[in-house]
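Asks: Chain by chain, the residues:
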Amino acid sequence: MLVLTRKINESIMIGPNIEIRVTRIQGDSVRIAIIAPRDLDILRKEIFDAIAKENREAAQLDSTSFAEVLKLNRVKDENTD
Amino acid sequence: MKVPTTRFGELDVSEESVITFPKGLYGFEDRVSYCLINIEEEQPFQWLQSIDEPSLAFVVASPFTFFPKYDIEVDDNDIAEITGGGLEVPEVLCVVTISKDLSGITMNLRAPILLFNTVRLGRQIIINDPKLEIKAQLKFGSGVQG
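Chains as they are written, first to last, in this note's numbering: chain E, 1 to 81; chain Y, 82 to 227.
Treat the hints as calculated values from the structure; they're not laboratory data.
There could be a bad hint or two in this list.
Said to hold, decoys possible - Some chain E residues flagged as far from chain Y (calculated, every beta-carbon gap over 12 Å):
(1) V3
(2) T23
(3) D28
(4) S29
(5) A33
(6) I51
(7) L61
(8) V69
(9) V75
Said to hold, decoys possible - Under the rule of at most 25 Å between Cα atoms (straight-line distance), these lysine-lysine pairs were calculated in the BS3-like manner:
(10) E/K45 - Y/K150
(11) Y/K150 - Y/K212
(12) Y/K220 - E/K71
(13) Y/K220 - E/K53
It should be emphasised that the depicted structure is a prediction, and the values quoted were computed from it without experimental measurement.
The beta carbon of each residue, even a glycine, is placed where N, CA and C say it ideally should be.
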């Protein structure tokens, strides 16, 4: 891992097209401006991890379990309506 | 072409029905070719089956079927970037799974899949709205949720 020290309004370039600039520091929060090509996905890591985890979980689903749970839910909700 | 799958046996998939996800799906960035499988008794759900990996498949469904007020905005520039220029209105599908205790079915409203059917391209996106649930509970029967 590369670790750099930057002051407010100083930037880091990642390759020729991606600029990451520190715009404000307040307590334990840092505000960061990112200038990058549109096709790059820029996400907070927590949300990226949460979605990847949800997809991995969904991919575990086997067809028999899904068919059974679907049948049960249809019956249950029809009875409550 | 013949596509082996662990859940559905060997499938016969036409080249034209293959959907390419150039960036894969989150957590599966290297799996880029998929097809949709319809099982009559499971409508309105479909399976999004990987063509490269027999064991990889997701249950998907349109979020609008269960959440009529679901609304996402995708910038034209982003659509053009995905399709390579064309401004096609995508079909929207969300990934579905069952809850851990096997009692319910949930849908990921936060990360919908956009399908551009004329160019056969797909992209999963993450909507920047924390109010959209990753595990939104689905209701069946005659009632639909708002």
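Asks: If a hint holds in the structure, say so; if it doesn't, say that too.
Replies: Hint check:
Against chain Y, the non-interface label of E/V3 holds: every CB pair exceeds 12 Å, the least being about 26 Å. With a cut of 12 Å on Cβ distances, E/T23 stays outside the contact zone with chain Y, its closest approach being about 19 Å. No beta-carbon of chain Y is positioned within 12 Å of the beta-carbon of E/D28; the least distance is around 21 Å. At roughly 17 Å, the least C-beta separation between E/S29 and chain Y is larger than 12 Å, which holds for a residue marked as non-interface.
Consistency note on E/A33: stated as away from chain Y, and its beta-carbon is indeed over 12 Å from all of that chain's, at 16 Å minimum. The Cβ of E/I51 does not lie farther than 12 Å from every Cβ of chain Y; its closest approach is about 5 Å, which violates its non-interface assignment. E/L61, annotated as away from the interface, has a beta carbon of chain Y within 12 Å; the closest lies near 6 Å. Distance to chain Y contradicts E/V69 as a non-interface residue, since its nearest Cβ pair spans about 5 Å, not more than 12 Å.
A beta-carbon of chain Y comes within 12 Å of the beta-carbon of E/V75; the shortest separation is about 9 Å. A C-alpha spacing of about 28 Å is found between E/K45 and Y/K150, which places the hinted pair above 25 Å, so the restraint is violated. Taking the CA atoms of Y/K150 and Y/K212, the gap is near 13 Å; set against the 25 Å cutoff, the hint holds. For the suggested pair Y/K220 and E/K71, the alpha carbons sit about 12 Å apart, so the restraint of at most 25 Å is met.
Only pairs whose Cα atoms come within 25 Å are accepted, and Y/K220 paired with E/K53 is accepted, the gap being roughly 23 Å.
Consistency with the previously given hints fails for numbers 6, 7, 8, 9, 10, ordered from lowest to highest.
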